[in-house]
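Each chain, letter by letter, is given below.
Number of protein chains: 2
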Amino acid sequence: MKTIYFVTGNVGKMQEVKKLCEGAGIHIQQVEYPYPELQCDDMEEIARHGAQDAANHLGKRIIVEDAGLFISALNGFPGPYSSYVFKTLGNEGILKLMAGIKNRKACFKSVVGYCEPNGEAVTFSGAVDGEIAREIKGEHGFGYDPIFIHDGKTFGELTTEEKNKVSHRYGALKKFIEWFNTCDKKIFN
Amino acid sequence: MKTIYFVTGNVGKMQEVKKLCEGAGIHIQQVEYPYPELQCDDMEEIARHGAQDAANHLGKRIIVEDAGLFISALNGFPGPYSSYVFKTLGNEGILKLMAGIKNRKACFKSVVGYCEPNGEAVTFSGAVDGEIAREIKGEHGFGYDPIFIHDGKTFGELTTEEKNKVSHRYGALKKFIEWFNTCDKKIFN
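Protein chains in written order, with our numbering: chain A, 6 to 194; chain B, 6 to 194.
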């Protein structure tokens, strides 16, 4: 089984990515590395830059994953800054901002960046549409999961297995896995 | 008069910086250049990286300025992401988040980064304490000025001259100007 190093400090993300990749024959090992994230609205660019930097510094095959919640009525906020906003405002802050707003439409986006040492980074993206809940609901997942409703339930009400069937992260990783397993056979075997 | 290029797309900032610097014998010329901003909580690092990148790419003496509004009750939000948050939520969004919150304490921070081509960037910082208003007030300034109260008035109620006597940007630029005018004599004359 090939090993890829996943740069993250987020245990919930690690759990999801590990389950998805190992089911496809890719071994995932967590590594913490404070790669410089670009401050820009382009999540592909953030992931590309991060994967390249980490692969070159650590000398390993690297994936990074960047996710964002884009809320229509808030002009896409918190978008690429979802992680910072979660740390400072949390789900309570988002619900406060959304108080009295009828249009609850939102979208979760995920971008996976992959790079080998001295290689060129490639990215894969996934997205899932949903709505912002009116209250926090569910004990599973992490981050904005308990306020993101998809198909009648919040992501916080889904087990990892259930979330992994529909999530934005699944969408991005599925593309990555297909690409990696195809390339891998061609290049390395 | 020595010319320094100020990388910004913000007309209000340009106006403030120009007045402060030209009063001290430094000619400021605006230049637009989309330098990569790091996504991190360290404003000094963002300014250092930005000034260095712009100086090397443009081959000119460069200053950049990064400012942020740090609200105590919101764990420092919007902080280094003030510009993005202003574009998406605006002052109305901040007031909504602050509804019902007694602790209105806030701080405006500014960091100026300076760099010459192939030189090493230096940074200078300034800060001013204040409070978040309960309503938008004032027609001057830009960004969060109309909701930031200092000494009984919002920054939006001050003219550029008045704001330039007390602002965070003034604090940072004053340090830069002193340093530049001293160094300049030593190195260039």
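Among the hints, erroneous ones may be present.
As the list claims (entries may be wrong) - Here are the in silico distance ranges between beta carbons for each label pair:
id, chain 1, residue 1, chain 2, residue 2, range
1, B, Lys179, A, Lys179, 52 to 58 Å
2, A, Arg139, B, Asn186, 55 to 61 Å
3, B, Tyr38, A, Ser77, 28 to 34 Å
4, A, Ala132, B, Glu97, 23 to 29 Å
5, B, Ala132, A, Tyr38, 27 to 33 Å
6, A, Ala132, B, Pro122, 39 to 45 Å
7, A, Glu125, B, His145, 29 to 35 Å
If you are wondering where the hints come from, they were derived from the structure by calculation, not from laboratory data. Where a beta carbon is used, it is the ideal one built from N, C-alpha and C, also for glycine.
These are the hints, each one checked on the structure:
| no. | hint | in the structure |
| --- | --- | --- |
| 1 | B:Lys179 x A:Lys179: 52 to 58 Å | holds (55 Å) |
| 2 | A:Arg139 x B:Asn186: 55 to 61 Å | holds (58 Å) |
| 3 | B:Tyr38 x A:Ser77: 28 to 34 Å | holds (32 Å) |
| 4 | A:Ala132 x B:Glu97: 23 to 29 Å | holds (28 Å) |
| 5 | B:Ala132 x A:Tyr38: 27 to 33 Å | holds (31 Å) |
| 6 | A:Ala132 x B:Pro122: 39 to 45 Å | holds (42 Å) |
| 7 | A:Glu125 x B:His145: 29 to 35 Å | violated (49 Å) |
The structure fails to meet hint 7 from the earlier list, while all remaining hints are met.
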